[in-house]
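Respectively, the protein sequence lines represent chains A and B.
Using the working numbering, the letters of the first sequence correspond one by one to residues 47 to 159.
Using the working numbering, the letters of the second sequence correspond one by one to residues 245 to 356.
If you're looking for bench data, these hints aren't it; they were derived computationally from the structure.
Among the hints, erroneous ones may be present.
As the list claims (entries may be wrong) - Here are some chain A residues pointing at chain B (derived, C-beta under 7 Å):
# : residue
1 : L107
2 : Y110
3 : F149
What the hints assert, rightly or not - Some residues of chain B that are not near chain A, with every Cβ distance over 10 Å (derived):
# : residue
4 : Q300
5 : G307
6 : K315
Claimed, not checked - Capping the alpha-carbon separation at 30 Å, the derived lysine-lysine pairs in DSSO-like fashion look like this:
#  : chain 1 : residue 1 : chain 2 : residue 2
7  : B       : K327      : A       : K88
8  : B       : K314      : A       : K158
9  : B       : K285      : A       : K158
10 : A       : K102      : B       : K266
11 : A       : K146      : A       : K158
12 : B       : K285      : B       : K327
13 : B       : K301      : B       : K314
14 : A       : K49       : B       : K301
15 : B       : K266      : B       : K301
16 : A       : K102      : B       : K285
17 : B       : K285      : A       : K103
18 : A       : K91       : B       : K301
19 : B       : K327      : B       : K253
20 : B       : K266      : B       : K285
21 : B       : K315      : A       : K102
22 : B       : K314      : A       : K102
23 : B       : K262      : A       : K88
24 : A       : K88       : A       : K158
25 : B       : K301      : A       : K103
26 : A       : K88       : B       : K266
27 : A       : K103      : A       : K158
28 : B       : K301      : A       : K146
29 : B       : K266      : A       : K146
30 : B       : K285      : A       : K146
Don't be surprised by glycine CBs; every beta carbon is placed ideally from N, CA and C.
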Amino acid sequence: QEKVQQSPESLIVPEGAMVSLNCSFSDSASQSIWWYQQHPGKGPKALISIFSNGNKKEGRLTVYLNRASLHVSLHIKDSQPSDSAVYLCAVSTYGSSGNKLIFGIGTLLSVKP
Amino acid sequence: GGIITQTPKFLIGQEGQKLTLKCQQNFNHDTMYWYRQDSGKGLRLIYYSITENDLQKGDLSEGYDASREKKSSFSLTVTSAQKNEMAVFLCASSPGGEAEQFFGPGTRLTVL
Numbered sequence: 047q048e049k050v051q052q053s054p055e056s057l058i059v060p061e062g063a064m065v066s067l068n069c070s071f072s073d074s075a076s077q078s079i080w081w082y083q084q085h086p087g088k089g090p091k092a093l094i095s096i097f098s099n100g101n102k103k104e105g106r107l108t109v110y111l112n113r114a115s116l117h118v119s120l121h122i123k124d125s126q127p128s129d130s131a132v133y134l135c136a137v138s139t140y141g142s143s144g145n146k147l148i149f150g151i152g153t154l155l156s157v158k159p
Numbered sequence: 245g246g247i248i249t250q251t252p253k254f255l256i257g258q259e260g261q262k263l264t265l266k267c268q269q270n271f272n273h274d275t276m277y278w279y280r281q282d283s284g285k286g287l288r289l290i291y292y293s294i295t296e297n298d299l300q301k302g303d304l305s306e307g308y309d310a311s312r313e314k315k316s317s318f319s320l321t322v323t324s325a326q327k328n329e330m331a332v333f334l335c336a337s338s339p340g341g342e343a344e345q346f347f348g349p350g351t352r353l354t355v356l
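The whole structure should be built from the sequences, with the hints applied where relevant.
Dropping the structure here:
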């Protein structure tokens, strides 16, 4: 059974800071890794995904995946108060019965103006 | 674009009661999901459906039933509500494969 662990549990940063969020997973055969953002009272929203080792950049977001160490990280450049939310790491397991996501418990980010 | 609608937004029931949560999507997506989100435990998959009339159990299916009578809707029934399953229930849909899952706003369940 895939396990997904995230760190830190919570993080407070000043506006404009670089934010780094970590996620480790247990199954090297897992497929895509997703990062979701969840604001209070809302459903999660997908931010970025990665499949291959290395990094992927989209706007202020960069994600790094290292399958050998079973680790993925999300970096948010020039953080804004509107980035304050819970960030969920999710590992995709795709097979004959469809695709499932296994989620971590999340990191609560607070960006102070 | 599309939208996922979950009803009701808040659901209050008595312990032992059978309760039904509903989800509608207008993305025309094949796959739909039900998750439960408990504070401090992340999202856990209850049931999913890869096409109309298909049902697949997730890790948390005990105590729940699901129904996918048509492509656009997916309902979840709590067969006998318990106080320890007060949580937010999230519905999601996806085109299939490893594509992004789109989530609804959730139904918050309270059991008295």
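Exercise. Checked against the structure, which of the hints given earlier come out wrong?
Worked result: 1, 2, 4, 8, 10, 11, 21, 22 and 25
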